[in-house]
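Trainee: Protein chains in written order, with my numbering: chain A, 1 to 114; chain B, 1 to 223.
Incorrect hints may appear among the rest.
For the chain A half of the interface with chain B, some residues (derived, Cβ under 10 Å), not all of them [stated by the list, open to error]:
1. Ala26
2. Glu52
3. Gln73
4. Phe100
For the record, the hints were derived by calculation from the structure and aren't laboratory data.
Just so you know, these numbers come straight off a predicted model, no measurement behind them.
Backbone N, C-alpha and C fix where the C-beta goes; we use that ideal spot for every residue, glycine too.
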Amino acid sequence: MTAPDPAPCLRALVVQSYTLLGEGIADLLRQRGVLVEVAPADDADAVEAALESEPCLVVLDRAAPAITALVVQRVPTAQVVDVSCVIGRGYPAAADLMRFEAILDALGVAAARA
Amino acid sequence: MRTTRVLLVDDQPLFRGAVAALLARQPGIEVVGEAENGLQAVERANELKPDLVIMDVEMPVLDGVEAVRLIREQVLDVKVIMLTVSETDDHVVRAMMHGAHGYLLKNLRPDQLFDMIVSVMRGETPISPAVAGRLLQHLKETGGSAKGAVVPEEPGQKLTRRELEILRLVAGGRSNKEIGKELSITEGTVKSHVHNALEKLHMTNRIQAAAYIVRQGLGLPDA
C-alpha cells in the first residue's frame, strides 16, 4: 500500500461497448467522487490491466463472456452491474429499463462492504 | 457564443442520463428537455422549440425516423441529429430523406459528439463514416429513390452550372474541403454554393441533394 485510498472503496471500472454511454456513466460516477477507469469491452488486455487497481464496482456493457469471467476471477468481491441487458435493443418493457440508480445501489453495497 | 438548446430523445434513461452529463460539461450547450419515444419528442419539440434534437432511432410508440419527419414538418428552425446503434440502411436513408441533419453512431467519443454538434449548428451534415459509405452505396443502387422520400422532383429555381457541378461532387461523397481543392476555390465558397443550391431545391441536407442528382440522371456518384 503506497497511498491511502480516498474513501472506503470508491474505485470503479466501466467496461464499455458504446463510448458515449461508458464515458457518460464514468462522468456521473466521478461527479460523486468515485475514481473511475474506463476500458473498451473488446480489449481483454485493457480490462485486465484496469482490474489491477481492484475496483469495487464494475459496470459491464455488452462484454463477451470471457471478459465477464475475467472480472469475476480477478475481483471476486466487486459488485458487477451489467447494463447491456436492455441498452440498444429498442423495445424493452418499461420495468426492464436500466437506470443509473441501479449503479448507485451497487456502489452503495460495495462501499458498505469495504 | 449563443447557447445551443438541446432536446435529448432516447428510450433508455441510462443513456439519456449519460449523454446529458457529458453535454452539461460543455460550454455553449444546454439540455432543455428529454423524451423517451418519438411521439413525446414531437410534443416536446413543439413545446420547447429547441435548436437541436438528438434522436435515437429504435424506440417504442413512434420511432425516431418518423419523429424526424413530423418535427421537420411542424417545428421551424430546428436541427435533428440521429444518434443510434442502428446502421440499418433503411433507417439511415429514411432518416436523411426525412430531413435529418446528421447521422451518428453511439460509439463516438464525447469530444467527437461535441464537434458534430458544433458542425451541425454551422449548417453542415455530419455522418459517421461507417454509415456514409452505406448511404452512397444505396444511392448508387436505387438511383436515389427511398420509401417516404420527401425530395421534390423539380427545383423551385434553376441551379447554376457551378452549383450543379458542386452537387455532383457532393453526390460523389466529397467533402467541402475536397471539392474546394478540386475546383481551386475556398471551402467557404463551396459551402455557400452548396447552401444556395439546397435552398433552391428546398432541401435540408447533402444526402437529399445527392439523391436528387442521381435520380435526375445529372451525374452518378463514383465514390
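Trainee: Next, verify each hint and record whether it holds.
Mentor: These are the hints, each one checked on the structure:
1. Ala26: Given a least distance of 9 Å, the restraint on Ala26 of chain A holds.
2. Glu52: Since chain B brings no Cβ nearer than about 24 Å to Glu52 of chain A, farther than 10 Å, the hint is violated.
3. Gln73: Constraint on Gln73 of chain A not satisfied, violated at 26 Å.
4. Phe100: holds (5 Å)
The structure does not agree with the numbered hints 2, 3 stated previously, though it agrees with the rest.
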